[in-house]
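Chemist: The residues making up each chain are set out below.
There are 2 protein chains.
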Amino acid sequence: MQENKLIEIIKNTLNSKYIDDDCAYLDDLGIVVTQDSLVEDVHFSLDYINPFQLGYKSVAVNLSDIYASGAKAKYLTCSLSLPKYAGENFVKEFYRGAKSVNPTVEIVGGDLTSSNKIFISICAIGSTRGRKISSRSNAKKGYKIITNGVHGSSGCGLELLQRRSNGPQKLIMSHLMPKVDDKLSSTISENITDNYAMIDSSDGLADALYKVSSLSGLCAEIDFDKIPIDEEIKEFDYENKIFFGAEDYKIIAFIPEYFYMYLDEKLYTEIGTMVEKTDEAYIKVKFKDKVKAFTQEYIEKKSFKHFD
Amino acid sequence: MQENKLIEIIKNTLNSKYIDDDCAYLDDLGIVVTQDSLVEDVHFSLDYINPFQLGYKSVAVNLSDIYASGAKAKYLTCSLSLPKYAGENFVKEFYRGAKSVNPTVEIVGGDLTSSNKIFISICAIGSTRGRKISSRSNAKKGYKIITNGVHGSSGCGLELLQRRSNGPQKLIMSHLMPKVDDKLSSTISENITDNYAMIDSSDGLADALYKVSSLSGLCAEIDFDKIPIDEEIKEFDYENKIFFGAEDYKIIAFIPEYFYMYLDEKLYTEIGTMVEKTDEAYIKVKFKDKVKAFTQEYIEKKSFKHFD
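Protein chains in written order, with the numbering used here: chain D, 139 to 446; chain Y, 139 to 446.
Be a bit skeptical, because a hint or two may be false.
[Claimed, not checked] Covered by chain D, per the in silico footprint, the following chain Y stretches (three or more residues, Cβ under 8 Å):
id : region
1  : 141-148
2  : 167-174
3  : 185-195
4  : 299-305
5  : 314-323
6  : 332-343
[To be verified] Quick list of in silico lysine-lysine cross-link-like pairs, DSSO-like style, CA-CA up to 27 Å:
id : chain 1 : residue 1 : chain 2 : residue 2
7  : Y       : Lys422    : D       : Lys149
8  : D       : Lys255    : D       : Lys279
9  : Y       : Lys143    : D       : Lys237
10 : Y       : Lys143    : D       : Lys255
11 : Y       : Lys255    : D       : Lys149
12 : Y       : Lys279    : Y       : Lys422
13 : D       : Lys321    : D       : Lys278
It is worth saying that the hints were derived from the structure and are not from the lab. Just so it is clear, the structure is predicted and the values come from calculations on it, not from any experiment. Built from N, CA and C at the ideal position, the CB exists for glycine as well.
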């Protein structure tokens, strides 16, 4: 059973306009809202992540969605379902980690129940006041594609954890405690007047580029050599990890070129341009000696799936 | 391990002012937010609840919290974690049921992951515009205690389901698809100027009365014969079901007596009065021939516990 198929059923049942973006933009209330869950032995294993890191990561993945909308992250609620082996120390460390991601974001509620595995579901709320909110369908021909960090490290870190290898720690930590940062996204949403697209690379760079290019009816043309990476990932099948490794939680923004004048160069790296879609490819990756075209079928086959 | 103990740890770790009420009141954004989870084989079993009813109930328990805050319910996000046995039909029926509780409340997001049991976490958002929001610590001496429906039916319904009995269907349905209603709560919050307390009876009438009387430093004096009930529950240990049966999801409001002038008599039943706390009792229940005093210890021992 495919996640996409189930989401199609939900969209049809609800007849909702909100389901395409990571965050729902609730214009009348001036907020965005997102909810993401982490399930033990599906998204994480206590064999390699500790309760502090788990609290951190559960919050980080939700804040990443808020940042990608352009909103200012404000509040979180957190629902924990815990088996007997996750006791007082687990709860304390989990919440310490949760609080540490962004101390300006307050955890204001949630609930606590028992279960046979650890289930974590977090809801994050952001304020849209004074900001222009992104949409995945807003990219236009000629828009520049920029990002705020390295890609592929988290996937390599996960592989190291699964191999029970001890290093490089930098890669392992990028999987366990991904850095999420709203400097680039806030600068864009507070200053831009044109419609723009923004997304985080939670399910991999290819998935992020595909979602925006398909919803915008365009093709993302990427310079492979411009994609920022940690040098350490070259020991891995790193092209694959960059595009399909998932969980890097970096911002990918699609903005008009003039907007560079508002951006500090340290905030971003340009990795490509949105171009007309002339064939089956939603992404074209330019290497020194060749161009690879990614079709929908190829991307879906290679991308991270929650239902396998 | 006690739920209360874990909540104490969370409160200490977060140092938050928000954790006491069911909803967090986010004044700066003009919203309230709540999140509640339902876990298979902890809160429900597919042996006796169908996917439509489960979708209904998951939403109803969250809307009940919003109603009890006095806010206007607006939006929901819904996170579902599903095992392989919950497929396309489950998802469709679940969302049909979820949508049916209150068609003016829109489901705007959430996520979908795999898991080994069904895990549902719903976040509900309400608008506080033009409304005075309740707090559990706001009851005052002399305030009248009123409710908008019958108590004890859900607990009897659960007992019938567990006994695999077929009736009375009215009681069974009050457990599977509890009616939740914002007429009373909206009328209060839209018209009242004094501070007031309001809560839903999700964990039983005794738990609801105890939470408000302890946080307000008072005692709730209840006339047993005034508590609205379905006649059918008299076949059960119904006093116990009324106070400790849980999951009736009725509104209990604590309001100044003058406010009755704003309320249609059909909207509420008066069941008691807030009085001074003169001994260990947080609740005193007056029967024809006796008075029963409920202490903290007694209430905690008898009330529904998520962690047993």
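Chemist: Does each hint hold? Answer for all of them.
Modeler: Results for each hint:
1. 141-148: Result for this restraint: holds, n = 6.
2. 167-174: Answer holds; 7 residues pass the 8 Å Cβ test.
3. 185-195: Not satisfied, violated; 0 residues make the cut.
4. 299-305: violated (count 0)
5. 314-323: Coverage by chain D is violated for the region 314-323 of chain Y (0 residues, Cβ < 8 Å).
6. 332-343: As far as the region 332-343 of chain Y goes, the hint is violated, because 0 residues have Cβ atoms under 8 Å from chain D.
7. Y:Lys422 with D:Lys149: violated, 50 Å
8. D:Lys255 with D:Lys279: Violated: Lys255 (chain D) and Lys279 (chain D) sit about 46 Å apart, past 27 Å.
9. Y:Lys143 with D:Lys237: Distance of about 20 Å is within 27 Å: holds.
10. Y:Lys143 with D:Lys255: Holds, because 20 Å separates the two Cα atoms, which is no more than 27 Å.
11. Y:Lys255 with D:Lys149: holds, 23 Å
12. Y:Lys279 with Y:Lys422: holds, 14 Å
13. D:Lys321 with D:Lys278: Judged against 27 Å, a Cα distance of about 23 Å means the pair holds.
Violated hints for the displayed structure, listed by number in ascending order: 3, 4, 5, 6, 7 and 8.
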